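Protein sequence lines, in the order shown, are assigned to chains A and B.
Note that the first sequence covers residues 1 to 380 in full-length UniProt numbering.
Note that the second sequence covers residues 1 to 414 in full-length UniProt numbering.
Keep in mind that the hints are not guaranteed to be accurate.
Unchecked claim - In silico BS3-like cross-links for lysine-lysine, where the CA-CA straight-line distance does not exceed 27 Å:
hint	chain 1	residue 1	chain 2	residue 2
1	B	Lys25	A	Lys365
2	A	Lys6	B	Lys92
3	B	Lys34	B	Lys7
4	A	Lys263	B	Lys290
5	A	Lys6	B	Lys34
6	B	Lys292	A	Lys365
7	B	Lys158	B	Lys205
8	B	Lys412	A	Lys365
9	B	Lys185	B	Lys25
10	A	Lys168	A	Lys129
11	B	Lys70	B	Lys34
12	B	Lys7	A	Lys6
13	B	Lys25	B	Lys52
14	B	Lys214	B	Lys188
It should be emphasised that the hints constitute simulated quantities derived from the structure, not laboratory data.
Being a predicted model, the structure only gives us computed values, none of them experimental.
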Amino acid sequence: MSIQPKNFGFGEDETMLRDSARKFFSDNCSADKIHNLVATDPNIHRSIDCVWDKNLWQQIVELGWTAVCVSESAGGIGMPAVAAVALAEEVGKAAFPSPLLSTFNATFVLNHCQSEAATAALGEIAEGKATTLAITNQEGSWDASATDVSVNNDGSLSGTAYFVQDAKKVAQLVVSAASDKGVGLYLVDTTAGGVQMVADGIIDLTRDQAHIEFSNASAIELAAPGTGNLAIDQAMPAILSIVSADMVGAGEWLLQTTVEYAKTRVQFDRPLGFFQAVKHPLVNVMLDIDRSKSLAYNAACAYDTDPDNALRLAHMAKSQAGDMAVFSASRAVQFHGGIGFTWECFVHLFFKRQMHNQVLFGDAKYHRALLADMVMGAAA
Amino acid sequence: MSDAEKKDTPEQAEFRAYCQDWLSKNHPGKPTVKIPQGALELSDPAALEWLKKWQKASYDAGLIGCDYPKEVGGGGMTNCQVIANAEMQKAKTPYLPNIIGMGMAAPTVFFHGQDEVKAELLPKLLSGEHMWCQGFSEPGAGSDLANQQTFAELKGDKWIINGHKVWTSLAHFADWMILLCRTDKGEKYNGLSYFVVPIKSALGKGVTVRPLIKLTGETGFNEVLFEDFEVDDRYRLDEVGNGWAVAMTTLSHERGAGPLVTPASGGMSVEEGESLSTSNAMALVDLAKKQKRSGKTAADDAVIRDEIMQLMIRRESMVQNGRRAAVSSLVEHPARIALQSKLVATELNQDMAELAYHIEGMASSLYVNDDNAPAGGQWPLAYMNSFGVTIAAGANEVQRNILGERVLGLPKSK
Ligand SMILES: Cc1cc2nc3c(=O)[nH]c(=O)nc-3n(C[C@H](O)[C@H](O)[C@H](O)COP(=O)(O)OP(=O)(O)OC[C@H]3O[C@@H](n4cnc5c(N)ncnc54)[C@H](O)[C@@H]3O)c2cc1C
């Protein structure tokens, strides 16, 4: 029987951290401000650009958020994964463009690498060096052993990593690459020779994404061939909890914003929220958010205190959050009516972030299929 | 040692050990009569007697009413009912028959009755010697509960009651009823009063109980007619005109959101040897592994797998919501999770039973009266009965109104 704490590990420190993040975002990142920053060019054929507020990122680094889940021995604070999850929820609620969540994901993978090079990289993350994972192949597989990058005899990397999150905002990459001994993990500086970043044109305005071509790019080994995929697998419950928490935050913004609109917009002499065709789906969105939130906390808590069950619970969290993401976004657009269908209304920022989150690290059906294999055995 | 056990107070820990010991020696064993899936479908007096014996035994042992004071027949303990409930569930005991008494009447009498009335009524209520029913709904007062037409008029120190109640579960066995009715025709909400009334002793003397048959073919609820039924004034709870507020105490406990934990036993499967627990998605997995579908088992069907996982995830989220609701800093609104619980539990229950009968395929057409019915025909029966709880205790549409209005702050739909 598991011995998970009843409060999911939300002690005083974690709660304080969350509250300070909540304040930071409400002081600095209104939807209005984010819109002015990232949504300046609606042109569907706009040039691919990465806009974000580096000054705010600097403040976040000074607040120590990148160090939250780096162990004390590696120079960090060593808080449990729920601390990162709490921050991710606030990031999602603000649709905040930054490499914070990508850096968390890299942190969790590095925590399982057990090499000196990984410890050194973690130390740099704690000091604020933004880092992201480059572990996805062209087909967008979330199988940790699938990669289109290979290790050359001299230890350099060649090939391409796809769907790399926040690529233009980071300074270094944790790359999965194959050799005949299996998949290893490698640290690559984004400015190194032989690294060519090709930005993707993406729907989500609050992120950037790229595919990265390596041609004999110099790399430092973090996890030996044959162990890199294991490190990714071990980190996956934390990674899935974080992206789920982002969706929970974004979902709550969509809910509260739509509720506010439903209280003020009057048609047929009544505020929209009087009508049950509006009221009841909004309640259903709330039910879905609460399910997702509890499951995300549960998975993050299990990652630290009940690792044998963590992946199973993380599949549950990401699946539920993925469905909720779509639902919360669709109801928000629908219930804003015509204005909700415009570029001018802030809803589209969150709508698009939820679309992206839904598929990032695998969609709801994908995780349910994996969950079914775990609890029912593989299908005949 | 489980997490729950680690957090026990010394009183709770001692009591838990006591419960475990007592239950290991006093489980009533396999029922000697056919017991329906839930207490609301009890119609066979022999089944009732068998279950009443179990309630009396567990009450005498101190497992029922633990948190009520000794003066009213309780155990005088603090937060121990939840321990007894958990241990009874673990020991897979039968359910308790006097559920309306314990879940609704007891807390209402306790918070609103005079001391002598509490001491008179609560001991036999908790022991199950007296069965209770709830006389709230009327033909014209369902979701709109305050539209009560049953009328009570004071003559001397007696109230004379006339009216018509419907859907009154267990009235056919009940000794007592909690009764909401009108004492003032001029005011809707402020014209209501609340009584506890002895109906069994008045059968044929102002009280008539007529069974109503459910869509499953089972009975369990009734209509109750009052014709110049006389009730002593001391059985009025709280002030005349204050009935609505008293009814809120009843309803909050009915929906699991009241301050007192309802004694509950359960976990025993009604069909020995078949895993039928609508609260556990693994039961669906077991069922799917047994049922054939297109030459394989239903457990090999990708769509069925996906649907079982959806329900398993909802089930886990319900448990985790309960865990989160206990940590106030992790909940946006104090009532946000509590007010969801009736809604999400009853809809999950319904969806599980629906999927189960889909998994059974054509064989789900066989009913409980057919020996070839898979799992004794219990899944399709559970599906049909699941509508009882999505309708009763505040229909789920009305629950959605309440959540939208009280938690989200949306304008009232009334
Ligand atoms: C199995 C069972 C056991 C019961 N046991 C008891 C008992 O022991 N004692 C007792 O007093 N009562 C009992 N009831 C009655 C129960 O409380 C009522 O059935 C319930 O409150 C609904 O009232 P109604 O049946 O009049 O339906 P109505 O109120 O007529 O509702 C019909 C439909 O309309 C919807 N609706 C109504 N108002 C609104 C609104 N404002 N907004 C949106 N939708 C709305 C409802 O959700 C429902 O779907 C029982 C019912 C069942 C099914």
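message: Output the indices of the hints that this structure fails to meet, ascending.
response: 1, 3, 4, 5, 8, 9, 11 and 14
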